[in-house]
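Peer 1: If you want the building blocks of each chain, they are given just below.
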Amino acid sequence: MSLLEVNNLRVHGPARELVHGISFSVEPGERLGLVGESGSGKSLTAMSTVGLLAHGLRAEGSVLLGGHQVIGQSDRALVPLRGPVAAVVFQDPRSALDPLMRLGDQLAHPIRRRAKREGRSMSGPQLRAEQLRWLDRVSIADPERILTSWPHEVSGGQRQRIAIAMALACGPRLLIADEPTTALDVTTQAEVLDLLDTLARDEGLALLFISHDLPVVARITDRVIVMQHGRAVEEGPVRQVFTRPRDTYTQGLVAAAQQLEAAVRGMQ
Amino acid sequence: MKKTTLWIGAILVGINVVIALLTLVWLPYDPTAMSGGRLAAPSWAHWAGTDRLGRDYFTQVMIGARIALTVGVGAALLGGLIGTTLGVLAAFAQRGFDDALAATLDILIAFPTLLLAMLVVAASDGASLGTAILAIGIAMSAIIARLVRILTKRVLAQDYITAARCSGLGWGRIVLVHVLPNIAPTVLVAIALQFGLAVIAEASLSYLGLGAPPPNASWGQLLQSAQSTVFNAPIGVIAPGLALMALVLGINFLADGLRDLLDPERGAA
Chain A
3 MSLLEVNNLR
13 VHGPARELVH
23 GISFSVEPGE
33 RLGLVGESGS
43 GKSLTAMSTV
53 GLLAHGLRAE
63 GSVLLGGHQV
73 IGQSDRALVP
83 LRGPVAAVVF
93 QDPRSALDPL
103 MRLGDQLAHP
113 IRRRAKREGR
123 SMSGPQLRAE
133 QLRWLDRVSI
143 ADPERILTSW
153 PHEVSGGQRQ
163 RIAIAMALAC
173 GPRLLIADEP
183 TTALDVTTQA
193 EVLDLLDTLA
203 RDEGLALLFI
213 SHDLPVVARI
223 TDRVIVMQHG
233 RAVEEGPVRQ
243 VFTRPRDTYT
253 QGLVAAAQQL
263 EAAVRGMQ
Chain B
25 MKKTTLWIGA
35 ILVGINVVIA
45 LLTLVWLPYD
55 PTAMSGGRLA
65 APSWAHWAGT
75 DRLGRDYFTQ
85 VMIGARIALT
95 VGVGAALLGG
105 LIGTTLGVLA
115 AFAQRGFDDA
125 LAATLDILIA
135 FPTLLLAMLV
145 VAASDGASLG
155 TAILAIGIAM
165 SAIIARLVRI
175 LTKRVLAQDY
185 ITAARCSGLG
195 WGRIVLVHVL
205 PNIAPTVLVA
215 IALQFGLAVI
225 AEASLSYLGL
235 GAPPPNASWG
245 QLLQSAQSTV
255 FNAPIGVIAP
265 GLALMALVLG
275 INFLADGLRD
285 LLDPERGAA
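Which chain is which? The protein sequence lines are A and B, in order. Read the first sequence against the numbering used here and you will find it ends at 270, with the numbers running on by one and no gaps. Read the second sequence against the numbering used here and you will find it ends at 293, with the numbers running on by one and no gaps.
Calculated directly from the structure, the hints in this document are not laboratory data. Some hints here could point you the wrong way.
[Unchecked claim] From chain B, some residues computed to sit far from chain A (all C-beta separations above 12 Å):
1) M58
2) G78
3) L113
4) L180
5) R197
6) V201
7) N206
8) F255
[To be verified] If the Cβ cut is set under 8 Å, some of the chain B residues that face chain A in the computed set are:
9) F135
10) A146
11) S148
12) H202
Don't be surprised by glycine CBs; every beta carbon is placed ideally from N, CA and C.
Working from the sequences, and respecting the hints, build out all of it.
Peer 2: Written out as structure tokens, the structure reads:
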């Protein structure tokens with residue numbers, strides 16, 4: 003059974019349809035990329051799969067997440083599905099963490115929730131060990147200090163690592179990453195990508211990776227769907243799509259990425 | 025850090041609080057008994073002179089501090105509680121309820137507090153401390169609710185809320201864990217500023233005879249009764265006026281200082 007099965011998903015805005023029927027599936031451990039320009043509907047598609055559309059947006063069609071229908075379900079029914087099945091990491095590391103809560107406390111929330119779900123009790127020293135273990139998993143230096151720091155005291159890259167740790171601490175089988183590296187500088191971006199790559203492999207996570215950045219998607223995913231104006235214009239293994247694009251829009255994207263690369267080479 | 029305003033505010037409000045508490049256990053004179061000549065000038069025996077009936081005026085101003093603070097705190101608690109609840113509900117509500125609530129709040133804000141107070145007094149047995157608190161509290165709750173609604177919406181739009189929901193946190197917990205702590209600094213400062221306005225509103229109400237009835241004389245009432253003798257005994261207007269000004273100024277300084285202190289970017293560093 004697929005971990006995520008999306009069938010003819012449509013997203014309606016207040017005035018018009020924003021995603022016009024998209025279908026795909028993610029198998030356990032598989033890494034799927036959603037590529038497209040801003041406004042192509044890739045984030046809406048991803049958020050629909052966990053029933054987290056913003057107010058005023060409505061999804062139609064069928065989304066089976068871990069075998070449960072998501073579309074048309076009440077929020078209350080979806081809460082137990084989220085976390086154990088899917089978790090998200092977002093683009094903006096500034097708004098990814100609660101500014102008024104110490105980092106250790108924020109990290110403790112998903113850890114405690116997971117422990118409660120699995121019927122374990124989590125006491126002080128155990129919780130602390132778990133917190134430190136997760137910070138270590140996301141390669142945070144000086145975890146002891148980070149636990150008592152405020153979000154504004156650490157860098158964007160560190161915040162994104164903590165957001166990833168919080169998402170993974172829920173124990174999901176699918177991680178939805180919505181442009182997780184876009185707001186970071188290039189070196190940090192590479193580090194966070196490596197981290198996601200390693201974590202996904204070690205935890206056996208499936209990945210739904212959303213980005214407009216072709217090289218980033220090529221690096222981390224196996225399969226890719228190219229979206230434009232709320233439609234999937236091309237789909238296939240990442241190597242095939244980026245080396246032999248069939249659709250004109252994908253050809254344009256690839257050509258633009260190549261031009262950028264060539265320009266950088268030319269300057270060196 | 026600019027903490028001077030916070031300290032000045034704290035001292036001004038502190039003096040008022042101490043005096044208000046003191047009046048519960050000790051007064052220099054019986055506020056209802058004649059203790060000197062009529063309209064006596066300030067002296068060592070009577071720091072603010074005496075009123076038309078020869079009662080010590082300073083005692084009455086001291087009692088006024090208690091009335092002002094009682095109404096201020098009561099209205100701030102009532103307004104803060106109702107306002108925060110309504111605001112959070114509105115932020116979560118479906119479009120129809122949200123619009124209806126927003127329109128109601130706008131009407132309530134446009135409605136003069138004094139008129140509202142008269143309605144409350146008319147609807148109840150008569151003017152009392154309770155009616156003043158109720159009227160000012162309701163007026164204040166509209167302003168707080170509008171602020172809380174917009175602040176809550178802003179917090180709810182943050183990624184960490186969506187991430188928390190995605191990790192399986194229910195709405196109730198999200199409000200308690202994330203929303204309330206994040207809106208608290210701004211809401212507290214707003215309530216503190218409204219507290220200052222509530223003290224003025226109470227003075228206005230009792231000036232018009234819609235506040236606490238005598239002998240629990242509030243500053244507004246003292247001002248009103250001293251009005252006719254303002255040229256013979258100006259202290260009758262100056263004393264409660266100064267007291268009112270000191271308290272409101274102190275509250276505003278305190279609110280300003282609080283805002284600097286509670287700013288997460290500057291305060292926690």
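Peer 1: All hints are to be evaluated individually against the structure, with a verdict given for each.
Peer 2: Hints, verified against the model:
1. M58: holds (57 Å)
2. G78: holds (57 Å)
3. L113: Its Cβ never comes within 12 Å of chain A, the nearest being 15 Å, so this holds.
4. L180: Given a closest Cβ separation of 9 Å, the condition is violated.
5. R197: violated (9 Å)
6. V201: Non-interface label fails for V201(B): nearest chain A Cβ at 7 Å, not farther than 12 Å.
7. N206: violated (5 Å)
8. F255: holds (56 Å)
9. F135: The hint is violated - F135(B) has no Cβ within 8 Å of chain A, the shortest such distance being about 30 Å.
10. A146: With a closest approach of 41 Å, the A146(B) hint is violated.
11. S148: At 40 Å from the nearest chain A Cβ, S148(B) fails the 8 Å test, so the hint is violated.
12. H202: OK, holds: H202(B) within 8 Å of chain A, min 5 Å.
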